[in-house]
Amino acid sequence: MDTARRDRIWLIAGGAFLLVAVVVGASTGPAGPDWWRVPAELVNRLPLIAFDTGVSEAEWKIVWQIRMPRVVLGGLVGGMLSIAGASYQGVFRNPLVDPYLLGAAAGAGLGATIALTIGRGVTASWPVDPVPTIAFVFALATVMVTYTVGAAFGGSRSGVTLVLAGVAVVSFATALQTFLLQRNLEVIREVFQWILGRLSGATWSDVRLVVPYVVVSSIVLMLHRRHLDVFRVGDEEAATLGVSVGRTRLVIVVAATLGTAAVVSVSGLIGFVGLVVPHVVRLIAGAGHRRLLPLSLMGGAAFLILADVPGRMLTRPAETPIGVVTAFIGAPFFIYLLRTRKVAS
Amino acid sequence: MSDLRLADLTVTYGRRSRTVAVDAFTDAVHAGEWLGLIGPNGAGKSSLLRAIVGLVAHRGEIEIDGRRVREMSDRERAALVAYVPQQPLIPDDMTAREYALLGRSPYIGYFGSETRRDRAVVDEVLARLTLEEFADRLLGELSGGERQRVVLARALAQQAPILLLDEPTSALDIGHQQQALELVAELRRHDELTVVSAMHDLTLAAMYTGRLTMLDHGRVVASGAAIDVLTAARLRAVFDVSVTVDVDTDGATGESRVIVVPRRSLPAP
Ligand SMILES: Nc1ncnc2c1ncn2[C@@H]1O[C@H](COP(=O)(O)OP(=O)(O)OP(=O)(O)O)[C@@H](O)[C@H]1O
Ligand SMILES: [Mg+2]
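Residue numbers (the numbering used here), protein chains in the order written: chain A, 537 to 881; chain B, 617 to 885.
The reader is advised that the hints may include incorrect statements.
Which stretches of chain B does chain A cover? Using the computed rule of at least three CB atoms under 8 Å from a CB of chain A, they are [said to hold, decoys possible]:
(1) 693 to 699
(2) 724 to 736
(3) 799 to 808
(4) 842 to 851
(5) 858 to 870
By construction, these hints were calculated from the structure, which means they are not laboratory data.
Here a beta-carbon is modelled for each residue, glycine too, at the ideal position from N, C-alpha and C.
Bound conformation, chain A alone (with noise of 0.2 Å):
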């Protein structure tokens, strides 16, 4: 069939995408070999190739205990939320709709702020940063509050009632954020630190400490992507058509909520990414979650591991975080792409 082979297209073109951004992201920063020796000693570096490319062990140090740890999170983290976005975008049938929706990342800023105020004295001396777990913990309970009330109320059919619930659930999670930093003025600039996202400092540990949930997040997403077209006609409709609604759903938001709940742990709230990188996909490639979903995985993780460039190279006087230039960046491109798309429909 003909659709196969263009989706197999555009599944070539979303790798190449990520790979041109690996390596992009591999050769830039400060300190390190000249850039354009990067992608040749990458090559050097895989089995049965060996060729002298001028990059000294020192150096590729530098490319490989410091720069690629960042480039892989950045890619987990950038690939993670797309494809959250675009699976909670599509299991509620709302453009607007990112993965912190029903409070992964209130839920984990608040458990954040709570770690670093209560907790710091007491954890200051732990072996482990304890703040990543306990934000986890908290991303993970705030969308299973969000998840019971809604069910209370809307029963588990309903999309809209969970929808509210999580604006709900969100906005207090806020507040008592809010009431926590009051109290503590002395943790705001950290936990806005925190909040704000980074991917600077990133180490092999944090990569693996994400991998699992990002891998097994993936992959249940993927394997429910016919169900997340058959969502598209409403739930009713998809009702009879045989789709068990509440369920599916709930198997597709326990999984998208997963993924974004461990990687916001370990990289703070990155924004914008989860949201736009799925509807700059579906302008380009068409609303099918065949596409949408491993596309939005790729092109999200090509994303931020881009966007995290400029970032690194302006450090002075502090690093600029990333969730500012995603926007610096995503927005105007966004919003040149709808012109564009509207001007030739």
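Since the structure of chain A is provided, determine the placement of chain B with the ligands on it from the hints.
Here is chain B with the ligands on its own, set in the frame of chain A:
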């Protein structure tokens, strides 16, 4: 080939106001039969059809071939009953073919994807509704009638033995109305499809269905052959309308056709 049996089917809306939309409806529609539901706006036709596919809470029993629908999974039921809603939700950014393919969902495994056969079924249905030229167009870019035919295509692609149609031809021109209804009539004859349809065009309802049931305020007012159900007096009582009912008998076959023609209550200017 399936029998649909409804016993004391009752649909009520609202906790306090208690609108009884369908009041103890009992009927049995046999394999290959076409039951037409008629009645004024708000009579309960849609509520009845929606109850059968489990979209509204109801009391009473619904059985297909002796099995309670209540006890079936969504998937099992979807393989037995295809439903065309009165107001389908149309995703603008989906092509007609993708949309019709959704009708194959009950046959695709949870993690599966559509097979070549599913695509062939869809292509055939689209061809029979002469929708090939629209197959790869977006639904948002089709006319109202074209969309309605695509929705019918989705239901037919479902290949369920029972077909529920809620005003399936309300937006179609006279030619496509005939095409759609003829197709359903042919499937009913050929595959012994069981059809229940809500229709406002009484002449078409009389022409295509085997039996008519007239509802008013959720209750059955009359049921039987078109010629017995559609009398001018009854139509005046139920619809508050003044009509002429012509019965036109074919000399050769002896078949009669009932034609309902509205009459102006004021003299024409
Ligand atoms: N969701 C609902 N909540 C409350 N009342 C409803 C609901 N849906 C329908 N009703 C009421 O139930 C009654 C039957 O409605 P139904 O839609 O079944 O009528 P219908 O025969 O299909 O009418 P129409 O010819 O206009 O389509 C009406 O009085 C309507 O107002
Ligand atoms: Mg109706």
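Hints, verified against the model:
1. Interface restraint, the region 693 to 699 of chain B with chain A: holds (6 residues with C-beta to C-beta distance below 8 Å; minimum three).
2. Under a criterion of three residues with beta carbons nearer than 8 Å to beta carbons of chain A, the stated coverage of the region 724 to 736 of chain B is upheld, 7 such residues being counted.
3. Residue count for the region 799 to 808 of chain B with a Cβ under 8 Å from a Cβ of chain A: 0. That is fewer than the three needed, and the coverage hint is violated.
4. With a threshold of 8 Å between beta carbons, the proposed coverage of the region 842 to 851 of chain B by chain A is violated, since 0 of its residues qualify and at least three are required.
5. Taking a C-beta to C-beta cut-off of 8 Å, the region 858 to 870 of chain B contributes 0 residues in contact with chain A, too few for the three needed, and the coverage statement is violated.
Of the hints listed earlier, those the structure fails to meet are numbers 3, 4 and 5, in rising order.
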